[in-house]
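Undergrad: Using the sequences and the hints given, assemble the complete structure.
First to last, the sequence lines map onto chains A and B.
If you use my numbering, the first sequence corresponds to residues 425 to 537, in order.
If you use my numbering, the second sequence corresponds to residues 78 to 192, in order.
Please note that the accuracy of each hint is not assured.
[Unchecked claim] Calculated lysine to any residue pairs in the SDA-like style (CA-CA distance at most 25 Å, straight line): (1) B:LYS178 with A:THR452; (2) B:LYS178 with A:THR475; (3) B:LYS86 with B:ALA101.
Note that these hints are calculated values from the structure, not bench results.
The lines below spell out each chain.
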Amino acid sequence: GDSVTQMEGPVTLSEEAFLTINCTYTATGYPSLFWYVQYPGEGLQLLLKATKADDKGSNKGFEATYRKETTSFHLEKGSVQVSDSAVYFCALHQYNQGGKLIFGQGTELSVKP
Amino acid sequence: NAGVTQTPKFRVLKTGQSMTLLCAQDMNHEYMYWYRQDPGMGLRLIHYSVGEGTTAKGEVPDGYNVSRLKKQNFLLGLESAAPSQTSVYFCASSLGQGASKNIQYFGAGTRLSVL
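TA: As structure tokens, this is what we get:
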């Protein structure tokens with residue numbers, strides 16, 4: 425079945441460092457791909473989305489490109505801030521079961537000043 | 078901008094007790110979902126609804142029931158709580174399934190402990 429695999433955390437970076445969080449997926453067809461962010465004590469917020477191969481989603485300095493050849497959707501940011509500390513989830517949309525999202529296990533990011 | 082609102086935020090139950098979690102959305106979304114979040118496992122779908130009066134099972138439906146009597150509300154019930162149902166519960170909603178409609182908006186979550 426469809427699945428999403430993320431790099432394990434926690435990831436600890438210094439402020440202004442470059443961030444990459446790896447995400448690979450297994451799916452039939454070409455599902456929409458998402459990155460959600462969860463700040464401490466809060467729900468999930470959409471960070472960015474891509475709907476087809478070679479699409480690049482971007483928001484708040486974060487970017488991810490839908491790579492069909494490598495079935496990947498890696499999240500990147502050129503210069504992280506302390507306020508980026510959160511848990512990041514990669515997800516794909518599946519048309520079965522009402523369009524549920526299939527999530528990776530989440531990657532915790534901690535940014536130190 | 079309320080979006081998706083969940084009540085309560087926290088609850089502690091004893092084994093065998095029952096409770097209902099309420100989810101309300103003000104975005105006129107057709108689709109609504111209940112997920113549970115467990116450590117190291119991401120979120121898993123419990124039940125979903127594709128419109129008022131409809132409900133269907135997700136990946137992990139056992140021990141839960143749902144109802145969608147009004148379009149804006151989606152209720153999740155635990156008839157006889159078990160410790161395995163200790164989790165954080167998230168409600169979400171979306172316009173639909175197409176690429177322009179499939180963004181899901183999440184509530185802040187309900188943290189449930191079953192002793």
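Undergrad: Each hint: holds or not?
TA: Hints, verified against the model:
no., hint, in the structure
1, B:LYS178 with A:THR452, "20 Å, holds"
2, B:LYS178 with A:THR475, "11 Å, holds"
3, B:LYS86 with B:ALA101, "13 Å, holds"
In summary, the structure agrees with every hint in the numbered list given earlier.
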